[in-house]
Amino acid sequence: MTFEISYEQRMLVDTVRGFIKDELTPLEEMIEQTGALPDDTARAVFKKSSALGLYGMNIPEEFGGGGLSCLDQMMVEEQFGHTTDILIRRAFGNVYEVLLSCTGAQVDRWLTPAVKGERVCSIAFTEPGAGSDAAGIKTKAVRKGDKWVLSGMKHYISDGSFSDFFVVTAVTDPSKGHRGISMFLVDKGMPGFSLGRDQAMMGIRGTSHLDLHFDEVELTDDHLLGTEGEGLKLALSVLGRVRLAQVAARAIGKSTKILQMTLDHARDRHQFGQSLGDFQMVQQMLADSAIEINAARAALWDCAAQLDAGQDVRTKISALKVQGAETLGRVVDRAVQIYGGMGFSKDLPIERYYRDARIYRIFDGASEVHRSVIAKTMLKGSTSVFDPWSA
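Using full-length UniProt numbering, read the sequence shown as starting at 1 and increasing by one per residue.
No lab work stands behind these hints, which were simulated from the structure alone. Fair warning: there could be bad hints in the mix.
[Claimed, not checked] Derived lysine to any residue pairs resembling SDA-like cross-links, with alpha carbons at most 20 Å apart:
| # | residue 1 | residue 2 |
| --- | --- | --- |
| 1 | Lys346 | Gly152 |
| 2 | Lys48 | Ala105 |
| 3 | Lys188 | Gly152 |
| 4 | Lys138 | Arg179 |
| 5 | Lys144 | Pro174 |
| 6 | Lys188 | Met153 |
| 7 | Lys176 | Ser208 |
| 8 | Lys233 | Gln311 |
| 9 | Lys188 | Ala105 |
| 10 | Lys346 | Lys144 |
| 11 | Lys257 | Gly136 |
[Unchecked claim] Label pairs and their in silico Cβ distance ranges:
| # | residue 1 | residue 2 | range |
| --- | --- | --- | --- |
| 12 | His270 | Arg371 | 23 to 33 Å |
| 13 | Asp221 | Asp288 | 49 to 59 Å |
| 14 | Thr227 | Phe3 | 17 to 27 Å |
| 15 | Gly340 | Asp288 | 33 to 43 Å |
| 16 | Phe3 | Lys144 | 18 to 28 Å |
| 17 | Gln311 | Arg371 | 30 to 40 Å |
| 18 | Asp268 | Met30 | 45 to 55 Å |
| 19 | Leu236 | Lys138 | 29 to 39 Å |
| 20 | Ser6 | Met30 | 16 to 26 Å |
| 21 | Asp288 | Thr383 | 40 to 50 Å |
| 22 | Gly229 | Val107 | 17 to 27 Å |
Glycine residues also receive a C-beta, built at the ideal position from the N, C-alpha and C atoms.
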């Protein structure tokens with residue numbers, strides 16, 4: 001088994017990393033100060049990224065995307081961790097693979113425009129009583145004649161202000177439990193569909209997190225994504241890739257950037273007549289961060305390669321979600337400690353990275369939930385998550 005980086009992969013990563021450094025990083029402080037990315041700036045970022053073929057890279061080529069393998073995508077997603085969420089959304093897109101379930105007229109109405117960046121999509125699964133528990137939703141869609149009537153609410157919907165349409169889960173048959181959940185494509189501006197408050201957050205400034213309200217929104221079968229009753233299955237499939245890419249891979253990339261900055265500071269900062277890097281306790285923190293980042297990356301690439309091979313890696317994705325998120329938490333905490341008062345001040349981005357890192361252990365399933373998933377899977381007899389010879 002080898003993960004030798006090919007020339008093509010190196011060029012792809014270098015291109016993405018260079019674009020982030022030159023085009024996106026200079027915008028971060030403005031977003032932190034204002035809490036927003038101006039529309040004209042967002043359009044300019046999208047135009048430059050699209051010209052390089054960097055938008056929608058995770059989508060197969062036959063649908064107009066970049067056609068990256070999962071392993072290639074994870075290498076790119078690591079680089080995405082080097083900047084802020086809202087800039088990644090505008091530059092590279094947030095084209096969810098669940099849209100590949102579009103058929104017929106849905107392809108032209110929702111999938112193709114999303115891949116081209118002409119329409120932006122958000123996932124709307126989370127509710128006040130259903131966060132990590134995706135099956136606990138209360139939003140419902142009732143069949144009335146040839147239409148569906150959608151009622152309920154979603155909250156903490158990322159990028160809700162900017163998005164043109166939403167992928168919404170709703171209960172269509174309460175008697176069937178999780179098999180009675182379906183998925184719908186809902187356009188912003190439809191009668192009965194309204195936007196609620198934008199929830200202010202501790203970090204990831206610039207990205208909106210909206211409440212969505214559905215007051216008897218009339219939908220047709222054209223709005224049904226997939227088949228009736230397979231909504232939870234589709235939701236879990238998209239959440240798996242999101243957890244691997246937008247949580248694990250980006251956390252590893254963000255950890256890498258933070259460690260590099262911390263190393264530079266440890267070399268340049270002097271105390272008691274010597275550089276911080278000469279102190280053994282600082283060396284230990286730096287070494288521990290490097291060890292954890294390398295372990296998480298190796299696990300990520302291995303999981304991605306298995307996913308490319310068509311293997312079932314759901315439990316490993318849960319493990320990586322925890323590993324990546326908690327590695328980031330420890331790496332940035334050490335960075336604040338090594339930077340000292342400067343790390344706690346808003347004059348440097350370390351303080352922002354510390355706030356942004358905290359959500360990684362919560363969104364797309366809290367660490368505690370994923371630990372429970374891993375343990376229950378092992379207790380049922382599947383131990384391949386830690387012993388490949390048992391598979």
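Results for each hint:
1. Lys346 <-> Gly152: 40 Å, violated
2. Lys48 <-> Ala105: 30 Å, violated
3. Lys188 <-> Gly152: 15 Å, holds
4. Lys138 <-> Arg179: Status holds; Cα separation ~14 Å.
5. Lys144 <-> Pro174: Roughly 16 Å between the alpha carbons, so the hint for Lys144 and Pro174 holds.
6. Lys188 <-> Met153: 14 Å, holds
7. Lys176 <-> Ser208: 34 Å, violated
8. Lys233 <-> Gln311: 17 Å, holds
9. Lys188 <-> Ala105: Holds - the C-alpha atoms of Ala105 and Lys188 are around 18 Å apart, at most 20 Å.
10. Lys346 <-> Lys144: Violated, at roughly 55 Å.
11. Lys257 <-> Gly136: 37 Å, violated
12. His270 <-> Arg371: 23 to 33 Å: Violated - the Cβ-Cβ distance for His270 and Arg371, about 42 Å, lies outside 23 to 33 Å.
13. Asp221 <-> Asp288: 49 to 59 Å: 55 Å, holds
14. Thr227 <-> Phe3: 17 to 27 Å: 38 Å, violated
15. Gly340 <-> Asp288: 33 to 43 Å: Violated - the Cβ-Cβ distance for Gly340 and Asp288, about 18 Å, lies outside 33 to 43 Å.
16. Phe3 <-> Lys144: 18 to 28 Å: This hint is violated: roughly 53 Å between Cβ atoms.
17. Gln311 <-> Arg371: 30 to 40 Å: 22 Å, violated
18. Asp268 <-> Met30: 45 to 55 Å: 26 Å, violated
19. Leu236 <-> Lys138: 29 to 39 Å: 18 Å, violated
20. Ser6 <-> Met30: 16 to 26 Å: Violated, since Ser6 and Met30 (Cβ atoms, about 36 Å apart) do not stay within the stated range.
21. Asp288 <-> Thr383: 40 to 50 Å: Distance hint for Asp288, Thr383 is violated at roughly 28 Å.
22. Gly229 <-> Val107: 17 to 27 Å: 22 Å, holds
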